[in-house]
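*Asks:* Protein sequences, first through last, are from chains A and B.
Each residue of the first sequence is one higher than the last, beginning at 15 in our numbering.
Each residue of the second sequence is one higher than the last, beginning at 46 in our numbering.
Treat the hints as calculated values from the structure; they're not laboratory data.
Note that CB positions come from ideal geometry on N, CA and C, so glycine has one too.
Careful, some of the hints might be misleading.
[Claimed, not checked] DSSO-like, lysine-lysine: derived pairs with alpha carbons at most 27 angstroms apart: (1) B/102 to A/63; (2) A/63 to B/116; (3) B/116 to B/59; (4) A/75 to A/63.
[Claimed, not checked] FRET-style restraints, in silico, Cβ to Cβ: (5) A/68 to B/106: 19 to 25 angstroms; (6) A/59 to B/84: 25 to 31 angstroms; (7) A/56 to B/110: 44 to 50 angstroms; (8) B/128 to A/56: 49 to 55 angstroms; (9) B/57 to A/82: 24 to 30 angstroms; (10) A/44 to B/97: 28 to 34 angstroms; (11) B/61 to A/44: 28 to 34 angstroms; (12) B/110 to A/96: 31 to 37 angstroms; (13) B/127 to A/97: 22 to 28 angstroms; (14) B/151 to A/123: 45 to 51 angstroms; (15) B/57 to A/67: 31 to 37 angstroms; (16) A/66 to B/48: 42 to 48 angstroms.
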Amino acid sequence: AQSVTQPDIHITVSEGASLELRCNYSYGATPYLFWYVQSPGQGLQLLLKYFSGDTLVQGIKGFEAEFKRSQSSFNLRKPSVHWSDAAEYFCAVGAGTGRRALTFGSGTRLQVQP
Amino acid sequence: NAGVTQTPKFQVLKTGQSMTLQCAQDMNHNSMYWYRQDPGMGLRLIYYSASEGTTDKGEVPNGYNVSRLNKREFSLRLESAAPSQTSVYFCASTLQETQYFGPGTRLLVL
């Protein structure tokens, strides 16, 4: 069975600083990988996804993520964080069929200091 | 095009009461899912439906039942609510392996 680990429960960065959120997965085959963002009291919004091809994936709001098979990682990055990026971020892995649900990490809460 | 909608947004129940959480999607997706979200645990799958007329258990199905009423609607029922079911419930539907989420239902069981 697949699993996802987000090692950082809480991260604080200054506005304008760069950001990297870590995600490690466990899955036997090539996974489908996702990053979602959740603002307080809101649902989950898809930031980006990786299915195959170029391992550097661009998403919305200036985010990108890189799939590294050798490290079983799919870290999320942003070069310059904005105060509005404060939220909780979830990494998820899918088994690759429409019938299967996603397995989520426990999330990383991002706080942005002015 | 409203995407995935959920009702109610918030509900308070007493232990032992029953209720149904409603979910609908207007994107013509085949697969639909119910998750619960608890602090520090991410989202955990309760039930899912690959297509109209089929449902399957997920990771945490105990205490819940579901109905895939038609292609649009997928409801979650708590027959006898327990305090352990206090959570935020999310419905999702899938298109091309990507899940789209509703806004959630916040449930408090006293």
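*Asks:* Against the earlier hints, flag every one the structure doesn't satisfy and list their numbers going up.
*Replies:* 3, 5, 6, 7, 8, 9, 11, 12, 13, 14, 15 and 16
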